[in-house]
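Asker: As they're listed, the protein sequences go chains A and B. Just so we're aligned: 146 in numbering that gives the first Met the number 0 is position 147 of the first sequence, and the numbers increase by one with no gaps anywhere. Just so we're aligned: 55 in numbering that gives the first Met the number 0 is position 56 of the second sequence, and the numbers increase by one with no gaps anywhere.
A portion of the hints provided could be inaccurate.
No copy is singled out in the list; a pair is fine if it fits within one copy or between any two copies.
Unchecked claim - Derived DSS-like pairs (lysine-lysine); straight-line CA-CA distance at most 30 Å:
{"#": "1", "residue 1": "148", "residue 2": "177"}
{"#": "2", "residue 1": "148", "residue 2": "122"}
{"#": "3", "residue 1": "44", "residue 2": "122"}
{"#": "4", "residue 1": "44", "residue 2": "148"}
{"#": "5", "residue 1": "44", "residue 2": "177"}
{"#": "6", "residue 1": "122", "residue 2": "177"}
Treat the hints as calculated values from the structure; they're not laboratory data.
2 protein chains.
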Amino acid sequence: MLTLHHLNDSRSQRILWLLEELGVPYEMRRYQRNPETRLAPPELKAVHPLGKSPVITDGDIRIAESGAIVDYVIRRHGLGNGQPAMMPAPGSADYEVYNEWLHYSEGSAMLPLLLNLYVSRLKEAGAPLYPRIDSEMANHLGYVDGALKGREYFVGNSLTGADIQMSFVGDMAKAFNKLGPYPSDPYAVSLGTGTLSDGLFRQLPLGVMGPGSRPGRRGKGLGDSLSPPYLA
Amino acid sequence: MLTLHHLNDSRSQRILWLLEELGVPYEMRRYQRNPETRLAPPELKAVHPLGKSPVITDGDIRIAESGAIVDYVIRRHGLGNGQPAMMPAPGSADYEVYNEWLHYSEGSAMLPLLLNLYVSRLKEAGAPLYPRIDSEMANHLGYVDGALKGREYFVGNSLTGADIQMSFVGDMAKAFNKLGPYPSDPYAVSLGTGTLSDGLFRQLPLGVMGPGSRPGRRGKGLGDSLSPPYLA
Chain A
0 MLTLHHLNDS RSQRILWLLE ELGVPYEMRR YQRNPETRLA PPELKAVHPL
50 GKSPVITDGD IRIAESGAIV DYVIRRHGLG NGQPAMMPAP GSADYEVYNE
100 WLHYSEGSAM LPLLLNLYVS RLKEAGAPLY PRIDSEMANH LGYVDGALKG
150 REYFVGNSLT GADIQMSFVG DMAKAFNKLG PYPSDPYAVS LGTGTLSDGL
200 FRQLPLGVMG PGSRPGRRGK GLGDSLSPPY LA
Chain B
0 MLTLHHLNDS RSQRILWLLE ELGVPYEMRR YQRNPETRLA PPELKAVHPL
50 GKSPVITDGD IRIAESGAIV DYVIRRHGLG NGQPAMMPAP GSADYEVYNE
100 WLHYSEGSAM LPLLLNLYVS RLKEAGAPLY PRIDSEMANH LGYVDGALKG
150 REYFVGNSLT GADIQMSFVG DMAKAFNKLG PYPSDPYAVS LGTGTLSDGL
200 FRQLPLGVMG PGSRPGRRGK GLGDSLSPPY LA
């Protein structure tokens, strides 16, 4: 059975959402960050040398890296009506768009957000870097916003792994209060149109995407847990 | 025909290497960074809204993001002996390893290197971030080194897209002089074992991976061109 090695307040929440969305049977092993350092516990190193989460194991297969996990889970376990569900048909033009989003999320869009997260710890000493960080955040968030304009989903007409993989970008941007100029919030788009029922969503372990951060109910949001050690 | 939109001193060099390695017919359109700001020229925005490189166009297909491009080029154009060349058979366990490296390179391994690149501009003001950046660089470079131990290639027994995609990590780490403790340099491994002839390599446009940075001839290396605007 597929096992998700789940760390609280981590990108693993995305995989959990995907598994629930697909209705794939899975086992979850929970790992807790050190409440003081916010670092992942050493037990995760026994699962994968990097000691990070998400990691999935599935028989002899072990995969780290969110984009690769989303891709694998949907290819291997997301079959519906004889066709892969939550992804475009391999070989189609939409498939390339889908795959680009899977890579783009962590390979490009997250960089200025993570730079912002780290450099903000330096307070005013980080000032020389902000023009560049801000312009790159605007470049990426503007691009995502443009790509979503008039659309419900990143690819095609239904929820795919691209929406789930990209949700974290909106999540982080919202935590930094950077989404103001960009109405097409990828987090709200993907979550708002997802089929995961509100009831089920509430049952997910509180993580980055806790119920408080759902569109319209952002009272106490994900921002609480976002601090540099969160990246561990 | 496949067109590579190539920016000097950029990750696009990786795609050029792949195309040459596969012997895929392609056209290259060159773009030059502004010599003062090191930013990409505005013409790239006409190719892709982000204004970055590499981008490829191939008929109706347009793909940005190195990992997605490597994946596409090998799937679509890398056929040899009726099987995809430079990638493991889809569905095999090795395929998942391969795909993880494609994502891992830019999705994880590059982050501490890029943080280091940016924060180094702050000189001593960035000091509070170095313990974290250094430990994350060590975590990732140590992991890569361990994964390459006793191996010639990242996956299986021949050069794949994973080697090419990961080469940039070794490239950057070398530019920062961070590879000392890690003998399994992913750049040297992949380039040293690649089939691209030395003569051909010398003909590639001088970029991040210029001839000076080849194993054993690192006199004036790639480091020269690595500065934050390089990331544009």
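Asker: Next, verify each hint and record whether it holds.
Answerer: Results for each hint:
Proximity of residue 148 and residue 177 under a CA criterion of 30 Å is satisfied intra-copy only: 18 Å inside one chain copy versus 43 Å between copies. In this homomeric assembly, residue 148 and residue 122 never come within 30 Å of each other (Cα to Cα): the closest approach is 34 Å inside a single copy and 41 Å across copies. Proximity of residue 44 and residue 122 under a CA criterion of 30 Å is satisfied in neither setting, with 32 Å inside one chain copy and 33 Å between copies. For a Cα distance limit of 30 Å, the shortest separation of residue 44 from residue 148 across copies, 18 Å, qualifies, whereas the shortest one inside one copy, 41 Å, does not.
Taking the shortest Cα distances, residue 44 and residue 177 sit within 30 Å of each other only across copies (23 Å), while inside one copy they are farther apart (34 Å). In the homo-oligomer, the alpha carbons of residue 122 and residue 177 lie at most 30 Å apart both inside one protomer (17 Å) and across protomers (27 Å), since each shortest distance falls under that limit.
Figure legend: structure checked against the earlier numbered hints; hints not met, in rising order: 2, 3.
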